[in-house]
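Protein chains: 2
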Amino acid sequence: MTTYSAPIKDMMFLYEKMRNNKNYNEIEKYKEVTVDLVKNILEEAAKINQNIILPLAKSGDENPTVLENGIVRTPPGYKEAYKKFIEDGWTSLSCDPKYGGQGMPKTVSAFFDEMISSACLSFKLYSELSIGAYNCINHHAPEEIKNKFLPKMVEGKWSGTMCLTEPVCGTDLGLLKTKATEQSDGTFKLSGQKIFITSGDHDLTENIIHLVIARASDSPKGTKGISLFLVPKFIVKEDGTIGSRNGISTGSIESKMGIKGSATCVLNFDEATGYMIGPKNKGLNSMFTMMNLERIVVGIQGLGISEIAYQNSLNYAKERKQGKSNNSKETNGADPIIDHADIKKSLLNMKSIIEGERALCFWLSQQTEVSLNHTDEKVKQEASDFVSLMTPVVKSMFTDMGMEITSDAMQIHGGYGYTKDQGIEQLYRDNRITPIYEGTNSVQAIDLVFRKLVNKNGDVISRYIDTIKKDLSNNNKNLKFFIEKLDKSIDVLDKFTNWIKEKMKNSKDDVSSACNDYLKVLGLVATAHAWIKVLEVSYNDYDSNKEFYEEKIQTANFYFNRVLPRIESHYLSSISGSKYIMDFKFN
Amino acid sequence: MTTYSAPIKDMMFLYEKMRNNKNYNEIEKYKEVTVDLVKNILEEAAKINQNIILPLAKSGDENPTVLENGIVRTPPGYKEAYKKFIEDGWTSLSCDPKYGGQGMPKTVSAFFDEMISSACLSFKLYSELSIGAYNCINHHAPEEIKNKFLPKMVEGKWSGTMCLTEPVCGTDLGLLKTKATEQSDGTFKLSGQKIFITSGDHDLTENIIHLVIARASDSPKGTKGISLFLVPKFIVKEDGTIGSRNGISTGSIESKMGIKGSATCVLNFDEATGYMIGPKNKGLNSMFTMMNLERIVVGIQGLGISEIAYQNSLNYAKERKQGKSNNSKETNGADPIIDHADIKKSLLNMKSIIEGERALCFWLSQQTEVSLNHTDEKVKQEASDFVSLMTPVVKSMFTDMGMEITSDAMQIHGGYGYTKDQGIEQLYRDNRITPIYEGTNSVQAIDLVFRKLVNKNGDVISRYIDTIKKDLSNNNKNLKFFIEKLDKSIDVLDKFTNWIKEKMKNSKDDVSSACNDYLKVLGLVATAHAWIKVLEVSYNDYDSNKEFYEEKIQTANFYFNRVLPRIESHYLSSISGSKYIMDFKFN
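Protein sequence lines, in the order shown, are assigned to chains A and B.
When we follow this note's numbering, the leftmost residue of the first sequence carries the number 13, and every step to the right adds one.
When we follow this note's numbering, the leftmost residue of the second sequence carries the number 13, and every step to the right adds one.
The set of hints was computed from the structure by calculation and includes no laboratory data.
Treat the hints with care, as some may be off.
The list makes no distinction among identical chains, and a pair is therefore deemed to hold if it is satisfied within one copy or across any two copies.
[As the list claims (entries may be wrong)] BS3-like, lysine-lysine: derived pairs with alpha carbons at most 30 Å apart:
{"hint": "1", "residue 1": "K497", "residue 2": "K482"}
{"hint": "2", "residue 1": "K591", "residue 2": "K330"}
{"hint": "3", "residue 1": "K591", "residue 2": "K500"}
{"hint": "4", "residue 1": "K333", "residue 2": "K432"}
{"hint": "5", "residue 1": "K333", "residue 2": "K41"}
{"hint": "6", "residue 1": "K91", "residue 2": "K432"}
{"hint": "7", "residue 1": "K513", "residue 2": "K497"}
{"hint": "8", "residue 1": "K513", "residue 2": "K500"}
{"hint": "9", "residue 1": "K432", "residue 2": "K70"}
Given only the sequences and the hints, what does the whole structure look like? Please build it.
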C-alpha cells in the first residue's frame, strides 16, 4: 500500500509567504483567516487524510462499488469514514456560513482538495460533486430552494451530482434528449437517460440532489434550448424532511479502469419531479459556473495524485538498491537507486513540476476569490478573465503531468510498480480519468484558444503575458538566470499567440490542430512564472530558513533547465499548419 | 470489444518493395522465401489472430490466470486456442528445419509477432518465451541437449522461460542468490527463488523448460560468477519421454495491472535438477543472446498494440458524432469527430509513428538475419553492431510510443475509453508492462549510451549516422523537403552524440541524466530514415499504385512536420548537464 504525508510545510509556505497579492488582501472577510488558523486546519486535514481516508483507496479498488437489487453499495469502510468526515465538518469548509459553512477561502480549501485527492480520489468524488452542486445552487437558485437544500448539503447529509452526459452527447451537449415538461404548479417532470454520472447513486447520504440539464418541451433544439433543473432522489417535504422516492432509478454502474470506489451511474429519469434553476434556456450558462470551478478541482486531483506518487517513489528510491552509481563508493553490493543520475533526475522532474503547479494553483485560488468577492467591479472582472484563461490550462496540464508522474513512478518501481502490492499502478489507473472527465483535455484546449484568449472583455492573453513581463522587470540579480530563461520562453509564447490570432481569422483548422500544443506552452510558462514569484521570496527571505529556500531554488533550477525547454518542440511542430492534415483521406 | 484487421497490405509492401538490401539478399537460404509464400503465410496468420486469438484478450482480462491447488490454470479458451496454434505450426515459424521448424526469416516472423501482439499479448507470451529459450539453447547447448529438447519446443508441446529476476535483483543480476551445486554425474541441483517469471507455470504444455541463471557453489560473487542452466519442470527421460516432477514449485502468481491472462510466477527451486548450458560463469553472456532478440520482440509488442489501438480509434472517430467541425456542412446535428482537426491530427500522429516503426523494424529484421547468416564475417559484424545499437532504441521507443498511442486512443474514445466495454483501456493496461519488462526503458537507455554507441569494434554510432547521410545524398527532387528536415535533425543528433562522447570522459552523470533523451532523439531520427527509404520507393514506384503511395507520402509528411521536431526539446534540456541534479539533497 502507498504511504502519504501531507505536504503541510510547502502549503504553509505558500499561505504565509506568497500572500503579497494586493487585490486578494483587500477581501474583507478573509482578513481573519490567520496563518495559525490555517495551520491548525491543515494539521487536522492531514490526520483524517493520512489515517482514515488513505486506506479507502485500496479497499475501493479491491471491492468496487456495486449495484445490488437497485441499491448502490460503496466499498467497505466508506460509510464509517464518510460519517466521521462530515462530523468533522470537512464538506462545509469553503461554504457560506449562512448555510452552516466555515467560509474558508479557496486558498485554503484547495489544499484540502489536494490532500484528499492524494489519499483517495474515489472517496473524494462523493463530496466533490456536492460542493459543485452547492456552488451552482447558491449562484442560481431562488432563496426558497437555497434555504431548503443547502444546509443539508453543507452538512454533508445530502450529496449532489451534475447530470449532463447522455449516450449520444458528451462534449456536444446540444444533442441532449432528456425532456422536461412543465406542470401546472410550476414544477417539471423529467424523462430521459443520463450516463457517466459520478456519485449518481450511493449509500452514504440520506438524499442526493441532482442538477440535471434537460430540454423543456417548448424549447428550441441545440444548446440554446437547454435548462437546468434540481431533481432530488427523494422529494423534500415543506418542513424539510424527506418524503417519497422521486422517479429516478439507477440502470447500472460502470466497470472502469480505475476510481473503482466511485459510483459512475446510468440514471433513468422517468417523470421525475424537478425544479428549474436559473433562467429558462440558459441552463448551460448556469451549469458552467459549476463546471469551471470543478475543472480547476480536477486539475488539483492530478496534482494530489502526483504528490503521493512522488512521495512513494522517493521513499522507494532511497531503499531499493540496484547496481553501482557512476560515483559509487560501495565496495560491496549495490547503491540505492536514488544515487543513479537518471532516477534522481526523474524524482526532481516530479518535484519541480509538483511544487510549481502548487504555487500556480495558489495564485489561481487567490484570483478566484478576487473574481468572486472583490468590491471593485473592474478588478473583479480582470481576475475573472484570468481565472477563465487558466482554468483549461490547469485542468489539462495538471492531469497530463499526473500521468507523466504516475508513469515515471511506475518506472522507478520497475516490476513492483506494475503489480498490485505497492499501490503505484492504482494511482496511474485512478489518475487516468482526470484527462477525460469534465471535458477531455482536447476540449479544454479548444475552449482555451477559441473562447478564452480573447473574449468580450478584450485581449485577455495579452494582459496576462504583460502581467508576467512586469514581474520579470525585477532587478534582483539572483533571479537573472531564471528571468533570462523565462524571457526566451515568453518570446516563444508571444510568437505562438500571434500565430494563433492570425490563423483564427481564416484558418481555424490550423488553430484546432495546434491547440493542445499551445495549451502546454502556456501552462509551462505559467508554471515558470509561479516559480519566479516563489524564487523572489526564497531569495528575499533566505536567511530565515536557509535549508528550505535552498531546496526551492535548486528545484526551480531543475524546472528552468529541464522542463521549460519542452515548449520549443510544441511550437515548432504546430506552426507547420493543418492543410496536410485536413487534406488527408483515411481509408 | 476491440476489432482487428491485420495490416497485410503494409506488411507486404515492406516485404515486396523494401527488399533492396544487398547483404540480406545474399543470404542463400532465404532466396526461396517468395512474395507469394509470404503473402500466403500472412493471410493465414491474419485468420488465426483475428478469429481465434483476438477474443482471448477479453477472456483473459475478465478471468485472469489463477493458481489453484498448485496448478496454474490459464483463462477460458486459452487451451483450445493453443492447441490449434501449435497444430497450425505457428511456434515453429522461425525455427530451424533441423528441429522441425519452418525456417522463416525474421522479416516474416516479426510480422507474425506484431499481429499476435495486436490480438492478445497475454496469449502471445506463452509461446514468445519458448522461442527465446529455443534461440538460447540452439546457440549455446551441446548437440545432445538440443536434440533432446528442441524438437518438442519447436512443436510447441513444451514451452520455455527465462528465469533471471529474484526479490533483491532485477536490473542488477550480480546480486543473485540462487545456488547450483554440482553432482557427481555432472548435473546440478538448483535452489533459490525466482520472481516475475513470465509463463513460469501453466496448463498449456506437457513440459516447461526453464533457463535459469544461478551461481555455482565455487563461483565468485557478482556478475562474473553466474552460469546458465536448463531446468525442466518434468525430468526428460533418455528416450525423450516425460519422467518425474523436478524440484520446482509455483509459490504464487502476481496480480497485475494488465496482461492478466499471462501467468507471472514466483518459482521456488528446491534441489531441482539442472544442466549447465554454455561455459561456466559466462551465463549472462549466453542469456543475453536471448535477451537481445527478446528486447526487439518487446518493441514489436508495443507496435502491435499501437496498431490495434489506432484501428479502433479510426473506426470510432468515423462513427461518433459530436460538435461541428470548423468547416462543417452539417445543417442539422453534429459531425463525425474525425472531421475535427485535433482528432484527425491525433490519428495521423498514430499512423505516421506506426508505419515508420514498422519500416524501421523491417530494416532491423533484415540486419538481424545478416548478423546471423551472412558468410562474410565483416558484413556480419557490422550488421550485428547495428542490431546491438538499435535494440534498446526499438525496445524503448516502440513501447513508449505504444503508451502515447493507447493513451490518445483513450482520449478519442472519451468516457467510453475509460470504461471496460470497448477494450481500449485494456490495451493501455496491457501495453504498460512493455516499458518495464526485459529491462526498463531507462536501463535500455543506459545500455545504449554506455555500451552500444562505441564498442570494441569501434565507433558504431558514427558508422550508423554515416549510413543515413549516404542515403540522404539521393538526388530525387521529390525528397528534397524530407531530406532537408532530416538533415537538420541529424545535425542535432551529431551535436548530441559528440556531447555524449565528450561527457563520457569525465562526467558520466551528465551522460546518465541525458540517456533517455538521447535514446528518443536517435529513435526519432532512425524512424525518419526508415521513412526516407519508404518515400524513395513511393516516388519511384508511384504510378503502379498511386493511391497507396500518395497515402504513404502524406503520412510521412505528417511525421516530418509534427513528430520529428520533438528532438529539439530533448537536446536542449539534456545539455544543461547534471551537476545541479547530483548536488541536490532530498530530505
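*Hints the structure fails to honour*: Per hint list: single violation, 5.
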